[in-house]
Amino acid sequence: MIEDIMNMLFNGILNGAVLALISLGYSLVYGVGGIMNMAHGAYFMLTGYLLLWGMRIFPGMLFLTVIFVIIIITIIGGLTYILLIKPLQDTHVGVVLITFGLAFLIEQWILIVSGTTSASINDYVLFPGTTEFLGYSMFNQYIFFIIASLVIVSLFALFISKSKLGKSIRAVSQDREAAVLMGINANRVLLYTVMISAFLAAIAASLYLPGAALTGPGMGWTYLTSSFAVIILGGMGSLVGSVVGGYIMGFVTSFTSIFLPNGPSWAHVVPLIVILIVLIIRPRGLFGKKKLR
Amino acid sequence: MEKNAKRIIAIVVVAAIIVGGGLTAYFLLLAPEAGQYVWSANDAPGAPAGISSSQIIKIGCAGDTGEIQGDANYEGAWFAAKTINQAGGVVVNGTTYYVGVTREDTDESNTQLVTSRGIAAAERLVYNKKVQFGVGGFRSEALLAYQEVFMDNKIIFIDTGAATDIFCDNVANFYERYQYFFRWMPINSTSLGGEILTTLAGYVMALNTTYPNHDVKQVGILAEDLTWTGSLIAAIQSYLSLFTNFWVQLLTPILYDISLDAADMNTHLQTLASQGCDFLIPVISAQGGILMMQQYDQYHYPFQIFGIDVQSQLDTFWGDSGDACAYETVMQTLHRTNKTTKSIAFWDAFRAQFGHDPLYIAIGAYDAVNGIIDAINATQSFDALDIIPEFESWTKSNPNPGVSGGGAWWPGTHDLVEGYPYGYTLWCQWRDDGTKVVVPAPRWAYVGALGYAIPISDLYPATLATGAYEVAPWVNTAWS
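Line by line, the protein sequences are chains A and B. The first sequence begins at 1 in the working numbering and counts up one residue at a time. The second sequence begins at 1001 in the working numbering and counts up one residue at a time.
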């Protein structure tokens, strides 16, 4: 029984850490600009494939490859804003459609270049081996990922609350017109926001996928829909809600898998039921303050 | 002047659009056989250039293009066509015909399955490309839907990848409609379950002798929550329930949502480990296999893996999994061994052509196309109602073996006969150096009349084995 509880806790935290990191960026962009960036999951997936190719082309330069890939994804985030989102940002449907198209484009490009076969990038595992706690084995890379995820979320919270850019982001998030009147370049803030969001997705992929695997070019959609569910649960645009929602989703998923009859089959359904219940009770989500735009 | 120039340009553009649109509409909608696919020598690999469409035996491949399963189906059919065509084709009533293959994308490997895509692909094959035969199928849920297009049009369809029993049950129960359906690959789910269980029993008995300090007994199942795994697991459960508390104990099967990720897989494997699993039977056709093996390699779980993992059948799996699949033992239709007299030559030629091992579906498609040509040759006819009786004559007493064995169907069901030398799989194990060997397949089975299990004939002759079965070092430590 203790092993089952440990199993639920550890994998719940692991699942939650992944979802929190991805959802944080997704929610940030929505909160600041009211933008639904449907290419967010594709950033995560693309990071994995760039790492895979980097691993094969530059086998001795793993660390540099990771840095390089994160920079590339961050730049792609910026380009997404400049070339696709900015010209259409007055129409939310337009942004959804164009970023949806971008996600498909990236997926199809990966499909052509790399095929659909799943692949491992375990060369990037920094901490091989396992650590035992209360008779339960934990993969060291996952422990590292969980700690790193918490550190990143904390640093991000500090950045948003203390830095000048973070304050600008909050200002635009709260009232874009007032922020512009105060001399804040809202477009530039949005550009940085999308880049930060892509950066977070790339960080999440770089830390998590070496211990996991690339399950195909379509994997981005799984993470996109999961993070979408998380930010609905947490409250659209709420950064705290994204983190809390991610962990709730993670725990509910692992609890369902382990403790409910036929749990593994229901593992991705029960969290959605929980979200529905939460939304019935609190339509804005757990931490949502704004009306949905 | 400038205004006139603009007018002229505008008129030219409008005229070009009208003419172009008209021509397109004519060729797509109005011309004889408008919109229909025109078969040519390009569709018949290895055939002489300039052959006419009427000289081509038109075979449609239904599979998920871009996925290993769909690509394998096309590779196998294409390679069979090339081999047959290079050998001179087939002469029917004095005319030489060549084999043409074409494919349509059913998208059936997609985790978010949309069955209408498979139906649309089958319709393109049947109505647009006018195929005379169909080969393919992988995901049972998809094939159940799109096989109807072939049955509606009374076109023979040979299943090369879907295992669910229901396809051939349909033939038995509704023969008039489903007589056009045959399964060449794989053996059905129930038979797969039986082969897994009896061979696993053989190893459990042997390993309990090797490891007297450990009771090798607990068997777990990790399976995709899909149609094809249902009857297979039911078969394993029904057999295993006879042995419960005797020599083996079945843990609650874990059926997972195929969109799972690493954390989910980790949860399942940890659950099995905490329950004391000694042997894990994976029943996996998609990306779950790589997640499983990566976790297995990272955690060194104290159980052996012994079952079905489709991606692991490919030689590329070693690299794809990051060298993480050592000691996994999987069912594999063929490896480089003398399963039939044609096997090794086929294996080498296929590898030379494509640069990788053939997946089971490729082997099924290769045998299916050869079987179609054999039947056409024997009957000198392309008519399904002539060919079906010829196919049906290929029974255990009159088999038509291909490169994988096979070539014999059960009367009335059109299902591949299970068991040596017809439909059986090899058991292949990955070594820690990235090689893969065929291991022996000792079997035990429960005999109701005796009330206990006894050794029965091996699944295949020991001469087919190319290496001994190995226990992973960490499992060896745990069991010792």
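Hints are computed from structural coordinates only; laboratory data are not their basis. Be aware that a few hints might be false.
As the list claims (entries may be wrong) - Pairs of lysine to any residue, SDA-like flavour, derived with a Cα cap of 25 Å:
1) B/1130 - B/1206
2) B/1217 - A/159
3) B/1217 - A/136
4) B/1130 - B/1112
5) B/1154 - B/1115
6) B/1154 - B/1172
7) B/1217 - A/259
8) B/1217 - A/108
9) B/1217 - A/262
To be verified - Among the chain B residues that face chain A by a calculated CB cut under 8 Å, a handful are:
10) 1148
11) 1152
12) 1227
13) 1291
14) 1321
15) 1463
Keep in mind the model is a prediction, meaning the values are calculated, not measured. Using N, Cα and C, we set each Cβ at its ideal position, and we do this for glycine too.
Here's how the hints hold up against the structure:
1. Restraint check for residue 1130 of chain B and residue 1206 of chain B: the C-alpha separation of about 54 Å exceeds 25 Å, so the hint is violated.
2. Pair hint residue 1217 of chain B plus residue 159 of chain A does not hold up; C-alpha atoms about 55 Å apart against a cutoff of 25 Å.
3. The hinted pair formed by residue 1217 of chain B and residue 136 of chain A meets the criterion: a straight-line CA distance of about 22 Å does not exceed 25 Å.
4. Of the pairs offered as hints, the one joining residue 1130 of chain B and residue 1112 of chain B is violated, with about 29 Å between alpha carbons and a cut-off of 25 Å exceeded.
5. A hinted pair counts as satisfied when its Cα atoms are at most 25 Å apart, and residue 1154 of chain B with residue 1115 of chain B qualifies at roughly 21 Å.
6. Distance hint between residue 1154 of chain B and residue 1172 of chain B is fulfilled; the C-alpha atoms sit about 17 Å from each other, no more than 25 Å.
7. For the hint pairing residue 1217 of chain B with residue 259 of chain A, the CA-to-CA distance comes to about 24 Å; that is within 25 Å, so the pair holds.
8. At most 25 Å may separate the alpha-carbon atoms for a hinted pair to count; residue 1217 of chain B and residue 108 of chain A exceed this at roughly 46 Å.
9. This hinted pair checks out: residue 1217 of chain B and residue 262 of chain A have alpha carbons roughly 23 Å apart, not beyond 25 Å.
10. About 27 Å separates the beta-carbon of residue 1148 of chain B from the nearest beta-carbon of chain A, more than 8 Å, and the hint is not met.
11. Interface restraint check for residue 1152 of chain B: the shortest CB-CB distance to chain A comes to about 30 Å, outside 8 Å, so the restraint is violated.
12. Annotation: interface hint on residue 1227 of chain B violated; nearest CB of chain A at approximately 13 Å, more than 8 Å.
13. With a least beta-carbon distance of about 5 Å to chain A, the hint placing residue 1291 of chain B at the interface is held under the 8 Å criterion.
14. With its C-beta approaching chain A no nearer than about 5 Å, residue 1321 of chain B sits inside the 8 Å limit, and its interface hint holds.
15. Contact between residue 1463 of chain B and chain A, as hinted, is not supported at the beta carbon level, the nearest pair being about 33 Å apart and thus beyond 8 Å.
The earlier numbered hints that this structure contradicts are 1, 2, 4, 8, 10, 11, 12 and 15.
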